[in-house]
Amino acid sequence: MPSAPLFGLRVLVHANSVAAAYAARMLGVLGGAVTLIEPPQGSDLRREPPFLPGSETSALFAYLAAGMDSRVCDLTSTDGRAALGALLSECDIFFDDTPVVARAALGLDEAAISASHPHLIHVSVLPFGAEGPKAGWKGEEINVLHASGEGYLLPNGLTCELFPGRPPVKPYGHFTEMQGGIAAALGALSALWVRDEIGGQYVDISSQDAGLAVGAFAIQRLGDGSIEQRAERSFRYGGVVPCKDGFVELLTLEQRQWHGLVKLLGEPAWALDPAFDDSLERSRRGPEINRHIRAWAAVRMVEDIVREGQKLSVPLAKYYTPAEVLRDPHEQVRGLFQPITIDGAGPLDMLVSPFHIDGMPLALRGGPPALGAKVRTEATA
Amino acid sequence: MKPLSGIRIADFTVHNAGPFCTHLLSQLGAEVIKVESAMRPDAFRKPHPVYGRMGPATFDQVASNKLSVRINLKKPEGIALAKRLVAASDVAAESFRPGVVDRLGLGYDALKAVKADVVMLSVSSSGQNGPDSHFAGYAPLFGAWGGLSELTGFADGPPVEMRHVMDHTVGMNAAVAVVAALHRRRASGLGSYIDIAAREVASSLIGEALLMASAGEEIQRIGNAHPRMTPHGVYPCQGADRWLSIAVANDAEREALGALIGGEPNDDAIANWTSAREANAAAVTLQALGIAAHVSWTTPEIAADPHLRTRRAIVEVAEPDGKVRAAVGVPMRLSKGQGIGIERGTPQLGEHEDYVYGELLGLGQTERTALEQAEVIY
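Protein chains in written order, with this note's numbering: chain P, 27 to 407; chain Z, 196 to 573.
Honestly, the hints are just simulated from the structure, not real lab data.
Any given hint might turn out to be false.
EDC-like cross-link-like pairs, simulated, lysine to aspartate or glutamate; straight-line CA separation at most 20 angstroms [what the hints assert, rightly or not]:
| id | chain 1 | residue 1 | chain 2 | residue 2 |
| --- | --- | --- | --- | --- |
| 1 | Z | 531 | P | 157 |
| 2 | P | 400 | P | 116 |
| 3 | Z | 241 | P | 307 |
Bound-form chain Z, shown alone (with noise of 0.2 angstroms):
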C-alpha cells in the first residue's frame, strides 16, 4: 500500500523546492492538491527563458500526480475559499516570501482556527526570523549563502554555483520534517508549524566544514581531489567529454589498479589508461577489481539504464497526447509499497475542481458558478 493514503496536502507552494516536498509525499500516496489561478499560473505554464526555455513545459516534473484547482488568492472569496481547503486537509504548504501568507490570511493562526491539527509547511530561502528573512532568492543563491558553493570548485577557480538539485534537496528536507510533524500529530494530537530555510538545507551539507571552521580551520576548494582517498577523481575515455570517475580507497585497491594499468597509479597514468578505453568497460573491468568506479553519466544514459528502471528510479509516463517520456520516481523501494511513485502526469489548471470543489468541499455548481464569474475560481 502506498504509505501516506489517507493524507491531503492543501499544496500553496511555487517555484521548485516546495513542490518537490509535496511531490515526493504525493508519490508516497498522499493527496496533494495544487492552488494556482490563471492570473498566477505556476512557472511550468510559463516561458522560463533564463533558463532557455521558450515557452511552457508540457510535463512538470514537481506538478505531476498532484490535483489542481484554481483559487485567486487576491480576493477575499479566494482566502475563504483556501481556508476551506485547508480544513479539509491535514497538511498546508506554502512557499511565499515571509509575511506574504500573514498579510493574505493565511498564516499559521489563521489556519488553526479552521483546522486546529494542521501541519503547516512553510519553504523559504532564508527562514520566517533573522535580518535576513525579507530576502529573494533561488537555488543558486541558497548554495551561495549557505556556504557549499564556496567549497565547491577547482583550486585555482571561482566557486560554482548549485542548480535545481538545491531546490529539491530543500523539497525533499521538507517532506521529512513533515512526515515527523504527522507523527507527533497522530501521537500528541498537536499541529506543526514547520520552517525551512533554504540556505540552512545548503549548510547543513557542510556541517563537517562548519565545524572545522569553529575550530579554526578553513577547508578550501579541492576540485575532484578527495582528503583521504588517491587516486580519486573524474578520468577521460574514449570519445568527446566522456569521463570516468574512479575512487581510490586502501593500498589494496591501489595495489590492484597499479597491477592493472602496469605502473604506479598516479592520476597521469590513470587518465592515459582510461583515454585507450570505452568508459562503461573500464568501470566494469575496475568494479570485477574492487574499486569503485562508475562512467560520468550523460542524462539519456540515465533514461536507459536497467538498473535504475529495475529499482524505478526511472519510470515511464503518458502525456494527455498518449506520448511516453521518462521520469523520475520516488528515492525508494518500499517491501510492501507496491504502486508508489508517479500515476498521472501535469494536471491542467483546475482540472479537479468537480473532485475537489464538488466531492470535497461540497459545493453546488450554483455556488461554484458564482464563484467563478467573481473571478475568485479563476
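Chain P with its partners taken away, still in its complex shape (with noise of 0.2 angstroms):
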C-alpha cells in the first residue's frame, strides 16, 4: 500500500486553542509527523472540558492531539527559545496561535522567524487573523461564529418555529473554529507546494475568514438583493420533521425526489394534486405541504420513515446520537474510528478521518501525548 500522502512532512505546532491545533491534526493524520509545542505546564487544552470519565484527560485534547508528540519549550526562557528554534530548523510548517502582541517576547514574530528559517512555511492561526483593525481582538467559538455570519442565521426551521423569540444558537462545539484549521491546513499545504520555487513564506489565517467562507452564500444571496434571516431561511417545505420517536431530516430538491415522497406517504389525494407537479407552486405553498408531512411523520418511527425513504430515493436522515455514529454499521465498515489508548480512560474508539485515500480509511499514530512524552505508537490497534 503507498505511504500515507504527507509521510515524511515534519509539523510543528504551538497551540492553546483549537484552529492550530486541528490544522495539525489534520495534517498528522494525513502522514505528518507532528510536535506540539508545549508550556511546563501544558497546552491550555489539555484544561479545556469535556474531560474523559474517570480521568483528568481532556476529550477535546485527546481528539485534537492524537498522534502527536509533546515537548515542552518554555518560551520565555532563552534555553526555551533556543530548543524553539532547533526544532523550527528541521521542520517543514510550523502553526502558532499565539496573540500577535505576545509573539515578540517568545522569539515568535513573523520577521525573527523569517529571518532564522526562510524556508519554513509559518502558519499564523488567530480567530481574527494577524492583520486588519480586529487583529488584537479576542475571540472565542462563539465570537468568531458571529462575527463570521452564521451565528446571525441560526437555527432555521423548526427550532425558529419553536422559540422565535430566543437568540440565534449555535452549533456544537467549535465549528468556526474548526473551519479556521481546515483553512490554515490549506493554506500550509499550498505555501508548501512553491517552497522550492520562492522558499518559505508567512500564512495569516483567520477563523472569521474560514467561517466566512463556508457561509459564502449569505453574501452571494446579498448580492441578489436578499438580505437572510433565520425566520425566512427555514426550507420551505421539509427540514426538521417531528416523528413518533424523535426527528428526520427531510430535504427534496429533484422532481425525482418530490415523487418519491409522495409515494413514501401513501400518495394521499392532497398530493396527487397536479398543481404540485411545479416545484414553484410546492415552494409557494410549503407550509401546507408542511402540515400534511408532519402529520403523517407524527405516528411513525424514525427508522421506518428513513428506511422506506430512502428505497424511493427520499433524501431522509435520522439525527443520529454521538452513540448512534459509533455504533453505526455504516461507520464500521468504512472504518471511521480507531481504537486509542487513553491514560486512565482505557481503549476508546476514536475518530480517525473523514478522508479514505486509495480506497483505504488513514490510521492515527497512537493517542494524545503525555507532556514532553512521544506518541504512544503501540497504542494503536
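Using the hints, put the two chains back together into the complex; each one sits in its own frame.
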C-alpha cells in the first residue's frame, strides 16, 4: 500500500486553542509527523472540558492531539527559545496561535522567524487573523461564529418556529474554529507546494475568514438583493420533521425526489394535486405541504421512515446521537473509528478522519501524548 | 505568486460541496474546468424553489473563477471527450452518487488508464463503500447523520439542521486532501483516489463528543452555554433582533465584567446591561477590558466590514453587466501569494471552449462542429 500522502512532512504546532491544533491534526492524520510545543504547564487545551469519565484527560485535547509528540519548551526562557529554534530548523510547517502582541517576547514574531528560517511555512492561526483592524481582538468560538455570519442565521426551521423570540443558537462545539483549522491546513500545504520555487512564507489565517468562507451563500444572496434572516431561511417544506420517536431530516430538491416523497406518503389526494408538479408552486405552498408531512410523520417511527424513504431515493436522515454514530454499521465498515489507549480512560474508539485514500481509511499514529512525551504508537490497534 | 498555478482540474462536481473544493483551489491558482451540459446545467443556472429562489442566479460563488465547457456525458463520445480532458489535467473531481462514474466509464481505473498519476476526488454523502453508500443526501442530512445537528440546539428544543456551511466544510476538507495527494504525487509519482463522505466530515467536527460517547458519556444539547466559560452566550442589545456574543474565560474577566455592569455578571444582569446599549459600542467596551465579544452581525454588516475587506475575505466582483457586488475571498493571506482570490465571475455555459477544446485539447473547428451537431458538445 502506498504511504500516507504527507509521509515525511515535519510539522510543529504551538497551540492553546482549537484552530491551530486542528490544522496540525489534519496534517498528522494525512501522514505528517507532528510535534506539539507546550509550556511547562502544558497547553491550555489539556484543561478544556469535556473530560473523559474517571480521568483528568480532556476529550477535546485527546481528539486534537492524537498522534502527536509533545515537547516542552519554556519560551519565556532563552534556552526554551533556542530549543524551539532548533526544532524549527528541522521542520517544514509551523502553526502558531500566540496573540500577535505576545509573539516578539517569545521569539515567535513573523520577522524573526522568517529571518532565521527562510524555508519555513509559518502559519499564524488566530480568531481574527494577524492583520486588519481587529487583529488584536479576542475571540472565542461563539464570537467568531457571530462575526462570520452563520451565528446570526441559526437556528432555522423547526427550532425557529418553536422559539421565535430566543437569541440565535450556535452549532455544537468549535465549528468555526475548526473551519480556521481546515483553512490553515490548506494554506500550509498550498504554500509548501511552491516552497522550492519561492522559499518559505507566512500564512495568515483567521477563523472569522474561514467561517465566512463556508457561509459564503449569505453574501451571494445579498448581492442578489436578499438579506437572509433566520426565520425566512427555513426550507419551504421538509427540514426537521418530528416523528413518533425522534426527528428526521427531509430535503427534496429534485422532481424525482418529490415524486418519491409522494409515494412514501402513500399518494394521498392532497399530494396528487397536479399543481404540485410545479416546483415553484410547491415552494409557494410549502407550509401547507409541511402540515401534511408532519401529521403523517408524527405517528411513524424514525427508522421506518428513513428506511422506506431511502428505498424511494427520498433524501431522509435520522438525527444520530454520537453513540449512534459510533455504533453505526456503515461507519464500522468504513473504519471511521480506531481504538486508542488513553491513560486513565482505557481503550476508546476515536474518529480518525473523513478521508479515504486509495480505498482505505487513514490511521492515527496513536493517542494523545503525555506532557513532553513521544506519541504512544504502541497504543494503536 | 498563486501557489497552485500550473495545476489543472477537470471538475465534474455538482451542487455545493465538491464545487466549493474546486472553487477554493481555483482561487489558489489552479485552472479549474467546469464540465456541464445544456441537458444537465449546474443548479445555479436553474430556479431553486425549495430555497425560495424562483429563477437562475446571476452570480454563483462556487462557480466563479472557473472555466466552463459543455460535455454531454450521456453519449460515448462525451465520455471520450471527458477522458481527453482528464488526460490533460492533474486532478479529476466528481460528486455523483457512488457508482455513477463507474457506470459512465469515468471511474478511477478508467481515468488512470488515460492519466496514470491522476488525483481523483469523489465527494458523496456517505462515501463510496458501506451499507449506506447509495443514500441520497444534502447538507442538512450530513449534519444529521454525522451527529453534529443532534448536539446543536436548545436543551428543551429539537435538533438544528445545518445549512450550506456543512457543504462548504466538506469542500474545504476535500481541498486539503487534494493538495496533500498532489504532494504525494510529486514525491512518489503516484496518483491517488480520494473518497470523502460528507457525513463523516460532520462527525469530524464533534470528535470529542464521539470520544465521550465511546467512554459511555453522552453529550447533550446546551444551546449557547459552554462547559467551562461562564457567562457565555448571546445577549440582546438596542434594536430589533440585535445580539451581542460574549465569552468570559476566567475570574479576572468576570471581575472586570462585574465592575463594568455594576453587579454580579450573571446572564440576566448582562442582558440588562446590553439591552440598553448599541451593540457594536458594547463590543468595543468589552474588548477594551480584555473580554471576548462580538456583535451577531447581519450579512450587510459583514459585507461592509473594513476588517474583512482589509483581509480580502470580502472582495468585489463585477457581473457581466458591470454591476459590482460583494463576494467571499479565499480564507487566507499568503506573504508571497499576492493575487490569490477571485479573478472572474460566473462563467457562461461553454464560455471557454475555444481555449479548452481548441488550445488545450487541440480539437479543430471541424471536429468541434461535428461534436456539437452530434450533441456531444451540448
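Check the structure against each numbered hint from earlier and tell me which ones fail, lowest number first.
No hint contradicted; all consistent.
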